[in-house]
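Engineer: The lines below spell out each chain.
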Amino acid sequence: VTSTAVEPQLLLDDVTVGESLPALNYKVTATTVVLGALATRDWRPMHHDKDFAVERNGTQDIFLNTPNQAAWFERYLTDWTGPHGRLARVTFRMKGSVFPGDTMVFTGVVESTTVDDVGCGFVTVAVTLAVDGDVKTTCAARVALPRRADDNPWGRRGDQWRPSPPP
Amino acid sequence: MTAAVLDQMRARIGQEQYHEVGEFPVERSYVWTSLASVENGNPLYWDDSVAEELTDGQVAPPSMVSVWFRPHHWAPGRTEEALPLQVHFDLKAALDLPEAVMTDDTIEFHTPVRMGDVLRTHQVLRSVSDEKTTKLGTGRFWVIDVVYANQDGDLVAVETYTGFGYRRGEGSAA
Numbered sequence: 290v291t292s293t294a295v296e297p298q299l300l301l302d303d304v305t306v307g308e309s310l311p312a313l314n315y316k317v318t319a320t321t322v323v324l325g326a327l328a329t330r331d332w333r334p335m336h337h338d339k340d341f342a343v344e345r346n347g348t349q350d351i352f353l354n355t356p357n358q359a360a361w362f363e364r365y366l367t368d369w370t371g372p373h374g375r376l377a378r379v380t381f382r383m384k385g386s387v388f389p390g391d392t393m394v395f396t397g398v399v400e401s402t403t404v405d406d407v408g409c410g411f412v413t414v415a416v417t418l419a420v421d422g423d424v425k426t427t428c429a430a431r432v433a434l435p436r437r438a439d440d441n442p443w444g445r446r447g448d449q450w451r452p453s454p455p456p
Numbered sequence: 027m028t029a030a031v032l033d034q035m036r037a038r039i040g041q042e043q044y045h046e047v048g049e050f051p052v053e054r055s056y057v058w059t060s061l062a063s064v065e066n067g068n069p070l071y072w073d074d075s076v077a078e079e080l081t082d083g084q085v086a087p088p089s090m091v092s093v094w095f096r097p098h099h100w101a102p103g104r105t106e107e108a109l110p111l112q113v114h115f116d117l118k119a120a121l122d123l124p125e126a127v128m129t130d131d132t133i134e135f136h137t138p139v140r141m142g143d144v145l146r147t148h149q150v151l152r153s154v155s156d157e158k159t160t161k162l163g164t165g166r167f168w169v170i171d172v173v174y175a176n177q178d179g180d181l182v183a184v185e186t187y188t189g190f191g192y193r194r195g196e197g198s199a200a
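For the protein sequence lines, the chains are A and B, in the order given.
Using the numbering used here, the letters of the first sequence map in sequence onto residues 290 to 456.
Using the numbering used here, the letters of the second sequence map in sequence onto residues 27 to 200.
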């Protein structure tokens, strides 16, 4: 695995099972929703046309699309890991919509730390996006972290990179 | 919707469908648009020297993988609306379920996506449930894999969607 001079922000050994990630709060506006839809080339009207969202989807307003939520979760995770953190696998479960006027609160808890058979370090993190205490989306994330200052998960290729957890 | 239609859709389970090539190469400007939309300051995507050291050059954020095969809203000569995840829309139409939501989405990331890559995808229907009633209405759940590869044939990602197609107003709170 490639050695690197960029200092890792977080090593696997720095992480403790049960620890909480710093929370992220963000006030959503109509611009947030529309910008997120366009940034993911999602032209479906419920992400930019309030009348359509209300009349066809039965929602109170336009709402954040799933691919843009994925980008929010990635940002939340890599704010914590730094650039060495390499996403391996994410599972989103959508429970409710996020609308303009909502304040999104991202929180995360480390559920496990492991080293796989080829020596790659991983953490699993349970991330929650909530609004006023109501969970809107959950994200179960498996992220590779360096084990030493000269370790770099991005350098792994072929069978040295195993994004699925072992069965 | 007849039982024959349901059987016809279920007969497609496991088949590779809709092999597509992305309309546009992966490009940095769109990466920055995505990063700006979520205020993501990860230096891997903003500082060329970090990208050079960690990833041998610029890569795209993994979570953007589905963006690269979503069509633009218009293209010269296109006469029909281009729909991503066509298998999902086929199911809605065939099973006569006018509304749909995605309930689960899993993405597994393999080879990083690089600037200039042109991604290829295909879709595989994994399952179609029996009829269910939820607070949204009555309909069916289905699971669809979208497999992404780059121009060299390297597996880039596998995304697994669970969708629920339904008719409004027919369900009770569940």
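You may find that some hints are simply not true.
Claimed, not checked - Cut-off 30 Å, straight-line C-alpha distance, at most; resulting in silico cross-link-like pairs (DSS-like, lysine-lysine): (1) A:K316 to B:K158; (2) B:K161 to B:K118; (3) A:K339 to A:K316; (4) B:K158 to B:K118; (5) B:K158 to A:K384; (6) A:K384 to B:K118; (7) A:K339 to B:K161; (8) A:K316 to A:K384.
Claimed, not checked - Pairwise CB distance ranges, derived in the manner of DEER restraints: (9) A:L299 to B:Q34: 49 to 59 Å; (10) B:P69 to A:A415: 22 to 32 Å; (11) A:S453 to B:F115: 24 to 34 Å; (12) A:L300 to B:A29: 52 to 62 Å; (13) B:S55 to A:L299: 27 to 37 Å; (14) B:R194 to A:N314: 51 to 61 Å; (15) A:T417 to B:A30: 40 to 50 Å; (16) A:F341 to B:Q34: 43 to 53 Å; (17) B:E157 to A:G347: 31 to 41 Å; (18) B:R194 to A:D405: 28 to 38 Å; (19) A:F341 to B:R193: 15 to 25 Å.
Source of the hints: derived by calculation from the structure; they are not laboratory data.
No residue lacks a Cβ here, since even glycine has one placed at the ideal position from N, Cα and C.
Engineer: Determine for every hint whether it applies to the structure shown.
Structural biologist: Now for the hints, and whether the structure bears them out:
{"no.": "1", "hint": "A:K316 to B:K158", "in the structure": "violated, 36 Å"}
{"no.": "2", "hint": "B:K161 to B:K118", "in the structure": "holds, 18 Å"}
{"no.": "3", "hint": "A:K339 to A:K316", "in the structure": "holds, 18 Å"}
{"no.": "4", "hint": "B:K158 to B:K118", "in the structure": "holds, 15 Å"}
{"no.": "5", "hint": "B:K158 to A:K384", "in the structure": "holds, 17 Å"}
{"no.": "6", "hint": "A:K384 to B:K118", "in the structure": "holds, 21 Å"}
{"no.": "7", "hint": "A:K339 to B:K161", "in the structure": "holds, 22 Å"}
{"no.": "8", "hint": "A:K316 to A:K384", "in the structure": "holds, 19 Å"}
{"no.": "9", "hint": "A:L299 to B:Q34: 49 to 59 Å", "in the structure": "holds, 51 Å"}
{"no.": "10", "hint": "B:P69 to A:A415: 22 to 32 Å", "in the structure": "holds, 26 Å"}
{"no.": "11", "hint": "A:S453 to B:F115: 24 to 34 Å", "in the structure": "holds, 29 Å"}
{"no.": "12", "hint": "A:L300 to B:A29: 52 to 62 Å", "in the structure": "holds, 57 Å"}
{"no.": "13", "hint": "B:S55 to A:L299: 27 to 37 Å", "in the structure": "holds, 30 Å"}
{"no.": "14", "hint": "B:R194 to A:N314: 51 to 61 Å", "in the structure": "violated, 33 Å"}
{"no.": "15", "hint": "A:T417 to B:A30: 40 to 50 Å", "in the structure": "holds, 43 Å"}
{"no.": "16", "hint": "A:F341 to B:Q34: 43 to 53 Å", "in the structure": "violated, 31 Å"}
{"no.": "17", "hint": "B:E157 to A:G347: 31 to 41 Å", "in the structure": "violated, 21 Å"}
{"no.": "18", "hint": "B:R194 to A:D405: 28 to 38 Å", "in the structure": "violated, 45 Å"}
{"no.": "19", "hint": "A:F341 to B:R193: 15 to 25 Å", "in the structure": "holds, 18 Å"}
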